[in-house]
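J.: All chains should be built: construct the whole structure from the sequences, respecting the hints.
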Amino acid sequence: MAVNMESLHEPISSSLPLEYQGDGNLKIFGFWVFLAAEVVLFSTLFAVYLVFHGNVAGGPTSQQLFDIRGFTIETFLLLTSSFTMGLGTYEMRRQNTKGVLAWVLITVLLGLGFLGMEISEFAHYVSIGANISRSAFLSAFFVLVGTHGSHVTLGILWILSILVQVMRKGITPKTARKLFVVGLYWHFLDVVWVFIFTVVYLTGKVM
Amino acid sequence: MLHSILQIGDKYFMWNEGPMIWTSDALIVLTSLGIVGLLTYLKRWKWLWDEWLTTVDHKKIGIMYIIAAFAMFFRGGMDGLIIRAQLAIPNNHFLTAEHYDQVFTTHGTIMILFMAMPFIIGLMNIAVPLQIGARDVAFPYLNAMSFWLFFFGALLFNISFVIGGSPDAGWTSYAPIAGPFYDPGVGENYYLISLQIAGIGTIATGINFLVTILKMRAPGMTLMRMPMFTWSVLITSVIIIFAFPVLTVTLALLMFDRLFGAHFFSVTHGGLPMMWANLFWIWGHPEVYIVILPAFGVFSEVVSTFSHKRLFGYKAMVVSLVAIAILSFTTWVHHFFTMGAGASVNSFFSFSTMLIAVPTGVKIFNWLFTMYKGRIEFTTSMLWALAFIPNFLIGGLTGVMLASAPADYQYHNSYFLVAHFHYVLIAGTVFGVFSGLYYWWPKMFGQKLNERIGKWAFWIFMISFNMTFMPMYFVGLMGMTRRMYTYPAGLGWGPFNLIETIGALGMGLGFVVMVFDIAYTIRHPEKDLTGDPWDGRTLEWSIPSPAPEYNFAVIPEVKGIDAYWMMKHPKEQEPGPVKAVDKSKIRPIHMPNNSYRPFIISVAFFVAGFGFIWQWYWLGIPGLIVVAIGLFLRSFEYNDEHFISTEEIERTEIAAGRL
Amino acid sequence: MSSQPSHEGFPWKHVIGFVLSILLTVMALWLVFSLQLPVSTEIVSILVLAVFQVLIQLLLFMHLTERDGPAYHVISLIFGAFIAFTIVGGSIWIMAFRSMVS
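Chains as they are written, first to last, in my numbering: chain A, 1 to 207; chain B, 1001 to 1659; chain C, 2001 to 2102.
Hints listed in this document are in silico derivations from the structure and should not be mistaken for laboratory results.
Don't take every hint at face value.
[As the list claims (entries may be wrong)] Sample of chain A residues lacking proximity to chain B, with all beta carbon distances greater than 10 Å (derived):
hint: 1; residue: Ala36
hint: 2; residue: Ala37
hint: 3; residue: Val56
hint: 4; residue: Trp103
hint: 5; residue: Ile132
hint: 6; residue: Gln165
[What the hints assert, rightly or not] Partial list, computed: chain A residues near chain C (C-beta under 7 Å):
hint: 7; residue: Trp32
hint: 8; residue: Val39
hint: 9; residue: Leu87
hint: 10; residue: Val108
All figures in this text were calculated on a predicted structure; none of them were measured in a lab.
From the three backbone atoms N, C-alpha and C, an ideal C-beta is built for every residue, glycine too.
T.: Put into structure tokens, the structure is as follows:
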């Protein structure tokens, strides 16, 4: 951008990384605020789940339903994918396009693995009659965990569309900002999962 | 053939329900044909598309919000008049009970979500970027998305009246009465899905204005130098961001109950109907402050401008805004004290509710002290602000009465409550947006609204408002309950109700006079060439009216509160008009391009919503796919900005007499 | 400017974060399934571990400390956490009334 032009936005400090240049700074801040709104969205779903946890209406309880092995593997998959996404951002800041593509593709694969496990978990519950209509507890379980799952699905599609852009344009202020933002989104989904792991699965096994 | 058409008509368009539906159908068809015909006759289709439907300019988006809000005020007001017609006399059967339920539901929902919200957001759009010296909001494209999502959400809600039937469980849509078991049919689906679509747009607006205000202020404008309206919008944005996701979830849960057989709010399978009330009001109470705080901001600007004094107690105003923002999230149970949550819960929320009256009281005193010893100018805008104080006080004080949990067991869901919330919402929000409309109209269109007609509208509306709602306090204490379809004679309620109905007609007349004022002004414009018709104090008055596309040819330097006032009254020199734009400082300006996509994506949302309402997944799912494609295409768009050259800026500024 | 991103060398920050996140998860599993603690102690401890997990994500992966101007994004996250706490705590407290009536 030429120096003598006035854009909509104030110039920002040049010591920040590439993705903050131009209007990137505004967009990254806006995305943090969006994540704060997502915190409220998920906390409402957690509140609903906790209030309904005991309302099994004679159906299966969380203790009977949850499978330790399954949710532990799901957790490790997602934690690892958060790490590889972080490495993608790291390589982006080193201007290493190939490194970005490699780490982010691994992230997508791990995300797909997580999704596959979650879908088969849900399918298993439904096959034994524990579906969304069985009890208020199950309604709350499916909607909370399913909302996270649909966020992961959306995240995968979003990451893929940005990968295409990085392949086409290389690492520019715009693609860097997009990659950074989708990275924030992905790490945030890991944060939500940590609470699902703790509040839904682990607590569900002891209460 | 004819028979099967009639069958479809009965099933989807409720033709079996009689002349009211037929009249509505005819009016809707005629109005639509009229608009299409007029646009074609005047050859304005391209103009409509290029200048309005695809615009990302905050000033135009603000105007569209206000036009939509006026239309919704008309619709919601008609609903109100129909309610009053039904209740005018005892034992009345003007409407059937089912229709009555639908009408009070749409009245409430439309007035809060599709009238108050867009009116407020419209004023935000018009004033905030100009007040902080910015060229647009932080995310202009997203701003257009917000508007069109609201618009098509509102449209979806409104068509329910003639296609399939309106929701009828009240604007609060309490479970289990709004659940699939007691309320089959599409009415409640309309409520859930249209609010969902509009709500997504509102969250985006909240984020947009938060980022705009925090990151795009002119140099020198620290937080504590911002105009009070901008402060109120900042705090409102915060409340929107943290309250609306709760609504999103709440609506989605009831949608799962209704469409996919979940059991959140049902009475069987472990569902808890009262959980709906809990979640609804976690959003619903902050929502009250979302529509009232910007009105407070308008009053602060108007009172200060027309008292020709700086706002009294600026810091106290800011602190009370922040206090209200935090406390507004901690009072929601006072909407359902009678649920029986127990003494400790009710006591806590009773206390927090009374606490929130304190910062509001602080603000009232500050407005009074601003006027004290001021040179008050009684413009129409100022009249609305002056009328706000006593009327809102009546609403606020009866609110404190309702906040007392044991006493609330007496008032709960009586007309006393109805009177209370109309006193705060009309005297607060509606007076506020009318005041703001008269105040910023010159900035929007470069002409003042006619003051004489405006004052007529004010007096008619204000007096009628008191006639309508004051008797409700009394009839409420006499035992008349909210949402009552009809009542027997001999209880002494009849005369009160008749006065209320006459008052409601008066409010309708006041509204008509105001619309006439707008029409009159368009025909006989009183041009304002100064850009500063009120001797204003804040930056929006420093630029020409209507503001050029780029707002500020040169971004101003701010040196204190009431930045423009300080420019007009420099310390060492005589006060006088501000110097023209400094030509040497003009640079080419980057502005965002128009985009057709927000409109198209929102149409797709509308189609998808309609599909889900009728459970026509063959329509709903493709609709959502089009939405996804639209978002995807946006991600691949790289050239979405254009330049305005220095020559063009100079031409514009010369034409406005600034260069 | 509060932090200067590193453009060279080995991604220590990320590796440490990853190892810690795995460790914390294993600890939570071990707490719940191998130790015989009272249920309330277990739940409080795993919630504390979850909070540490969140801090790891925010500080080591999400570059929370990078900013231009005041840390408004941190303030909004803190306010979000306050609202989250209000909604979850408030809902549980308010809806506890059903045990009194049923």
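J.: Now tell me if each hint is right for this structure.
T.: Hint check results:
1. Ala36: A/Ala36 not clear of chain B: closest Cβ-Cβ about 7 Å, inside 10 Å.
2. Ala37: The claim breaks: A/Ala37 does not keep its Cβ more than 10 Å from every Cβ of chain B (closest is about 5 Å).
3. Val56: violated (6 Å)
4. Trp103: Per Cβ check, A/Trp103 is outside 10 Å of chain B; nearest 20 Å; holds.
5. Ile132: Violated, because the least Cβ-Cβ distance between A/Ile132 and chain B comes to about 5 Å, which does not exceed 10 Å.
6. Gln165: violated (7 Å)
7. Trp32: holds (4 Å)
8. Val39: holds (4 Å)
9. Leu87: Interface hint status for A/Leu87: holds (6 Å vs cutoff 7 Å).
10. Val108: violated (17 Å)
Hint violations for this structure: numbers 1, 2, 3, 5, 6 and 10, all remaining hints satisfied.
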